[in-house]
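Colleague: Using the hints provided, position chain B relative to the given structure of chain A.
The residues making up each chain are set out below.
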Amino acid sequence: MPTFVYMTRCDGCGHCVDICPSDIMHIDKVTRRAVNIEPNMCWECYSCVKACPNEAIDARGYADFAPMGHSVRVLRDEERGTISWKIKFRNGKEKNFESPITTKPWGKHIPKLAEEEVPSEEDINSEHLYYEPNGLNIDTGLPKIKKERFKQGVYY
Amino acid sequence: MISINPFSVLSQSVPSIAMQLYVVVMIVLVLVGTLFDIIHKKNVKYFFQNAQKAKKQATRTTEVGEKTSVILKTVASEILTTSELGAGKRRIAHLLGMYGTIIFWITSGVMIFCYSSTASNTPTFIPLLWHLGAIMTCVGGYWFWFFLRVDVLAEAHPWYRLIQADLFVLSLVISATFALIWSFFQSMNVSGLDTLFLVLFGLSNVVLFGGVYWSKFAHMFYKPGAAIQKNLAEADGSRDNLPTPSDKPKQFGLGIKRESPKHY
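Each protein sequence line maps, in turn, to chains A and B. Each residue of the first sequence is one higher than the one before, starting from 1 at the first, in this note's numbering. Each residue of the second sequence is one higher than the one before, starting from 1 at the first, in this note's numbering.
These aren't lab readings, by the way, just hints derived from the structure by calculation. None of these values were measured; they are calculated from a predicted model. All C-beta atoms, glycine included, are put in the ideal place defined by N, C-alpha and C. Fair warning: there could be bad hints in the mix.
Unchecked claim - Below 30 angstroms or equal to it, Euclidean Cα-Cα: the simulated DSS-like pairs (lysine-lysine) are:
no.: 1; chain 1: B; residue 1: K89; chain 2: A; residue 2: K108
no.: 2; chain 1: B; residue 1: K250; chain 2: A; residue 2: K144
no.: 3; chain 1: A; residue 1: K88; chain 2: B; residue 2: K89
no.: 4; chain 1: A; residue 1: K104; chain 2: B; residue 2: K89
no.: 5; chain 1: B; residue 1: K248; chain 2: A; residue 2: K86
Claimed, not checked - The following residues of chain A were derived to be distant from chain B, with all beta-carbon distances above 12 angstroms:
no.: 6; residue: V17
no.: 7; residue: A114
no.: 8; residue: I124
With the rest of the complex left out, here is chain A (with noise of 0.2 angstroms):
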């Protein structure tokens, strides 16, 4: 789902030109405005949509799940530190996620995995990865789905 951006939310600040990895959030050169300028090498990693301070960037969804009417938005609270996102669907349909933001601030909090406690075989062998569930902010553990609820048709 690539990004693109609402003209008249957008303020040109250019945090999303700073933050893409893959350099492809511009400046426009007749508005001065954030533009993504090649869509298909967009990589959905969704840094412009969250770093930007007016909600200025959405992402376009796939037509085989969100056809025309759809939308895709997110909200960034920087005092509590979470993402939301709101799904809607042609139908009407909404599905709303809420996450606590994780991205540590630039060139800081690089993790010295050389100084860290060797991992035992048990937390090699956990789904888990390096600093999960805590990391995460979430107490009862990642969520897990039962295999009865898998689709039809999927086989593990």
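Modeller: Here is chain B on its own, set in the frame of chain A:
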């Protein structure tokens, strides 16, 4: 220099009516340019379509009183103090340029229409404000141009790279600069140079007001409209499809502060 009305001195060689006609032509140029801009870019049509779409998605109805209050709050917070630019240098530069320009234009109009004859006695504060407005425009404008412009700050382009989006800010700061230089040479009685900078001041104004269709001049009309629409959409619950604000406790996540976009 700063307490002398330059238009009153100018009236010795240029009739007042010619100056007034020039101002009227500039206003007409802005109106025509904005009208062409509206027709070509269809942005006003987009605004109305967006407003209708938001109305359909509204979760609550807003009364006229509430709408008025939202509009007044938007004017006080987002339009008069440009709060959308945050609390950094961009906002200070923008406020300097914005209020400097407004003061400069209003005092120009007052001096040209009320005090532009040799016999008129201009109150001292008006030329003072005129010079102050021009200086504020220059400080805000050049600060923006050399250091804060996103092309320079985030895109890492050199300050001397020119694009179409620069037409407005450049013609604005150049016209204020030429006005100050003209006033200086006029007060020093340097006859050749004061005429030269008067002509340059006039030409830069023609570029500024005549280039509305090609420049970002009209953003001063559209931006307030967009801010009002955004806040009305928040008041009626449609929120432009944005998620509802988080009810999580403070510092639920890291909530990093945004840094200056300068990590290239």
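Colleague: The structure should be examined with respect to each hint, and the outcome stated for every one.
Modeller: Here is what the structure says about each hint:
| no. | hint | verdict |
| --- | --- | --- |
| 1 | K89(B) <-> K108(A) | holds (24 angstroms) |
| 2 | K250(B) <-> K144(A) | holds (27 angstroms) |
| 3 | K88(A) <-> K89(B) | violated (37 angstroms) |
| 4 | K104(A) <-> K89(B) | holds (24 angstroms) |
| 5 | K248(B) <-> K86(A) | holds (16 angstroms) |
| 6 | V17 | violated (4 angstroms) |
| 7 | A114 | holds (24 angstroms) |
| 8 | I124 | holds (27 angstroms) |
Checked against the numbered hints given earlier, the structure breaks hints 3 and 6 and satisfies all the rest.
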